[in-house]
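Enquirer: Line by line, the protein sequences are chains R and D. Taking the working numbering, the leading residue of the first sequence gets 1, the next gets one more, and so forth. Taking the working numbering, the leading residue of the second sequence gets 1, the next gets one more, and so forth.
In short, the hints are calculated from the structure, not lab data. Here the structure is a predicted model, which means the values were calculated and not measured. Virtual Cβ for every residue (Gly too), placed ideally from N, Cα, C. Just to be clear, a hint being listed does not mean it is correct.
Here chain D is said to cover these stretches of chain R; the calculated rule only asks that three of the stretch's residues, wherever they fall, bring their Cβ under 8 Å from a Cβ of chain D [unchecked claim]: (1) 311 to 322; (2) 370 to 376; (3) 832 to 843.
What follows is the residue order along each chain.
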Amino acid sequence: MNNYKSKVSYDSPCDSDNDWTNSSDDSKYSDSESSVPEWDSDVGEDGELVYIKIKNDNETTDYTKTPLLENCETFKLRNNFKRSSTRRSTKGRIFKVLKSHKSKTTESSTRKGDDGASNVNRNMLPDEKLIIVQVSKSMIFSSEKNCQIEKLFGLSLETHADGKTLTVAEFLTEARAIYTPKVQKGYYLQKINGIEVNSYNINNILQRVVEDHNSPRLTFQVPTESHKVDLERLLKSKTAPENSLTHLLKESLCSVLYICCNDIEYNSNDDKGVLYCYPRPFNQNFLYNTRGAYVTLNHLAPKSLGTSEPTTSTVLHNNTLINVTYTSHYNDLLLIAFPNKEVDMFAAKKAIADVVRLLEFLYGSIKSSFTKPNNVDKLDSLFARVFVTLVINSRGNKEDGGRSVELYFEDMLAAHSVTLPLEVKVQVDDAITELEAADYREWTDDIENFQRLYTVIGSCLYYSGHLLSSHLQDEDLKEINAYLRLNGILKLSTEKELEKLVVWREVFINEHRKQNKNEGNEFRISDGRWFLLTVGKGHFVLSTLMEAGGCTEDAVGVTPPSPFYVEECESCLELLYDVGLNKYLVSWFNSNSQPQVETSPEYLTKYGRKIRDINSLKPDSTLKTSTLKISKQTDKRRHNSTEQINVGSSTSDMNSMNSLTNYGSHHSLYAQTYSTAPKYRHSSLDVSYSEDSNSLKSNSEVSEERIQGRRADREQRNRRDSSGSDSDWDRLDRSRASGSLDMSDIRKSLLNEINHVTAKRITAGEENVLFHFVHLESERGVLIAPVKNIEVLANNVLYSYIVKTFRSACKQIHELLQHSIRFKKNHAPSNPLNKILVAVKEHGMLFQAPVDILSQCGVSKKNCEPYLFWVVGRVFSEPEPRELYLCYHESVPQDLTEVAYLLSYLE
Amino acid sequence: MSVVVIAVATESGVPIFSRKRGNNESIQFSTIASLHGINMFSKCHNLSMLNTQVDNGTILWKEYCKSVTLIGIATGGLECDLELLLSCVHDAMVFCIGKKELETLKNIDQIKRDLRQCYPILDYLLESLDPNALSSPLPTLVLDLIQSILCPQAQQLQQALDNYAESVTGRWACLIIHGHLVATSSDFYELDPREARLMLLLASAQDGAPLRDTPVYLPQMSPNVAFRAVTCKLLADVYILVVCGATPALSQIDEIVLQCWEGYASIIKEAKLVHPRNFPMSLTFEPCVLGLLIININKRRCVFSRHLHLSSQKGRGMSGAHRMDILRTFYVTSARDLAPELKLKDGNHKEVNDEIGNMCETYWCSEYHKCHAQRSGNILCCALYASTVQLHTIRLITSQILQDLSTNKDVYW
């Protein structure tokens, strides 16, 4: 702890041995003491940190449904306050040191108060489905097994895989009427008479029930995510994963094995060269037991068969198909096995590439990850997370027929990115750039004399698992994406609303690793250390790659995260909140607009057209069309340079575009509140100004909260100017005149303007025939596709069928197109390629939707022309390989080159 | 490209044979032993290695009859269904020596010797994977389909075949021209398509002998009791094959053949002229169609043609053999998905991963050509087009071809 505190003291960008810090030693220390970040205690011995705080589920009311009230001026002002308060904690501190303000005891105390409140919230149960059943005391059920539970409640219980929770196994016939249909087998028995029960205390509680005269009340919990493992807990845990999870992974036949095959280590090692094996114990791990086969094959194939080393094997064990992947590292062999049901061959190949990437990123090389001392627990939990992400949590619910749901084609390939309007993109990039620039001149003029702790190499921003922006090198992005995805951070940020997430750890960047291999490079990058700081808030995740060494301070020894940089990243996210990006993205993700995909495929049939016409005659649709028309005009103006982009016709309304109607209602609301906004602003300023009539130094906490950065300077100047004047109005006017030029205000107004979502089309033809698309830039590690929840938005059986077909067809097409890409990459390949396949650059498949699915969508069998749709993939090899996959209705032929062209306009 | 098939006695580990095609070195004994060892070792641990992928290739173990393990290794960008190949190899082994022998493996040396006679068939099977073999006189192109010629004379020839089969007290007979099936007796389709395919390979492997009988075991129909397959050369490259019992003797058959086929010489000659176009002259094709592969899915018969146009303009830049290879590769990699019933069925433990249902058309565009496949009922048409033709035109032409095939009277499968 002591060593950490000393670290904090030079965490500010200014080095400690300069005059002002010395002069204000006391205040500085008191400052750092008071602002110990809440994640402080979670920093591990090795300086790594995983801190996650999830927002209470109740708060996450879906913004999708409510009109975007938050966009109006009053709310933005409120946002402003919030922003100041968070920003201040970083910059304010420096200010205080500089100007020897009083310490922030009040602030830290309020913060603690906040903490307490949220703790309470956290302990409150999120709204789970609970079912309460009262069993009459007078009823005694006949139990064959003479079991107390059966006698009392008429049901039998079993212990859940976690060894603690009790689940309903069976109902006695007499008791069935009491429970069904409300309670079903597999539900958890959570409480009896309001007391939580588990396998340990059940007997005691039963005893109490027997003694109690009242009829017992049973609370059951619906197992919503019974098979899901709590990722949050897994991420946070510093110890090895629990036995129950290890057991679960063993059952699922997930396995990792690292074998060292050179003679010296083979003989010196107790386990015959096995350096790592998970899940353990060794003798129960099938990969361990059969490792001889893989090792032999790995030696044999290149030496005696003249083939390359094996990449994957499909094996059958206990009637389960398992894909075993091979990764050779010099003489060593890394084997990872995935059950085929969840991770098929295609996914396994992609997954192993990501795992290798991840290991190299985290430990420098595959070998060092398994030879690093005292690393077994870390690796255990890392692989547990990998398997949980890829296998356990991607298991389908029973309703889905047990099919895997999450391992989509898109997820396996690259970072899923979305097209954003240019203005929004600029906002996002702007915010990140500000972080990366690390320009602290606004806090101290003396900036040249200080050395910084880290250089920000680049960062990338995700929202709900979608990449919004990346300022990283391609390889770094791929690695960071693998890191975030396989650790489940992206998933977590998608499913839950994060209150705070801070993850810090040392990494080994690709550039440096490569450099080690070919020594003597003229343009060497400095020998430094690199750290990845991941900060999350809401559904945002911001990962920042930082360098220590070189032009910045050398990091020596254990390096915990610096609160300053954590706060910098947090304030970067905060900035995005200020701009209202969080609200904006919700509507953007729901708008299905860039480019628009047809989520009601049945409208493309003759019969469907009829339905649509009837629907569009309904009165409520008039509003929709009118608002859309407005947006169309505004958009055309802006994009007149790219007129090729088809602007969506106003009649193409879809179920999912509720948000559009919202814009309609919001529009008028906005106008109203806008006129009242100045008043609000006036009053707020009034309050603060009346207090600070004296000097700046005695500023109250309230007023200071709104001052920081450049803006703070400006406002302070304003205040100084106006201190002579008595009229509040006068001041107000001036502050409005200058203050409204503030960047953040401009930002806000921009975002407001583009709230009018315009649907764009990339397919030819009068109607929108596009169902889905994937645009993959494998070199960059990025792909563009409709948002991940597009199926949920569509809520349409036919659409889901089409997308499912699209995904499995894409796998095949992708495999085929790889021949061409590989050929183009190296013109003299070591292995001869099939000369026919390398020439293929486009592959298409035409599918027919089955009749039963059509009839579920209301297309009657009578007037049923076959419903046909294409899945087409094409590779564009210049300048670097890009692949475009398209799924569209057969009625309008499409040219993929043209579609790719139009799509490029949207970026 | 290279492909190797190795047969090992499962229990003893004695290598039975090893056939290869392509530019690889032959596999050494120690390697065979190691490969077999891998399989045996994993079996001890209740684990079976089904399939191993290497860069650009596959290694496959497959155990048949609980006695023989076949190991297949394909490399070098060879596009093939290795599992299908191994099961065909197994069929061929049964075809030659019977299932019982193969199961008991009593006298391994004897069996090794007996299996030598099926080497020509095995080599034909391997050849059918090799794109370089296309220029050979009797190319076999696809593993599991019977290459055929569609000719207007087929109906007449069928009567002659029926008549012939009856006279030799046989059941199944067929006429083979240039290794292609031209006509069959009416009950020939009682044979499993894969048995029929082996018959054809047997005829091809006769090396021009005028009359010969071979004992054959039918892998599906009669794996333990041998039939007698009599092949007779009528004209150059024209064979008739009949499966019959022990009588009549070969000398008698010689006479019967003369009686039965004397009058058909001219018809056979006419039918022979259909090769290499392989389609009746009444079927015409658009000039942009460069090659064609028509598959009758139920009968597992296929017709390849690259000489669709009489005035064959040369110098189109693509050799005929290359066209065949493109069509073949297109069929094996993509178009076969249009006919899921053609897939191997015995993979009962296979969890079907990429079950893409209801595909009805598929196409490839490459820099030099386009391929398009469409299915209509029982007929699958894969066509090779010039790269300049637009997709919508292609679709139109393909469906036109399919329609022509179903309406043309000269088309008799």
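Enquirer: State for each hint whether it applies.
Expert: So, going through the hints one by one against the coordinates:
no. : hint       : verdict
1   : 311 to 322 : holds (count 10)
2   : 370 to 376 : violated (count 0)
3   : 832 to 843 : holds (count 11)
Hint compliance for this structure: hint 2 alone is broken.
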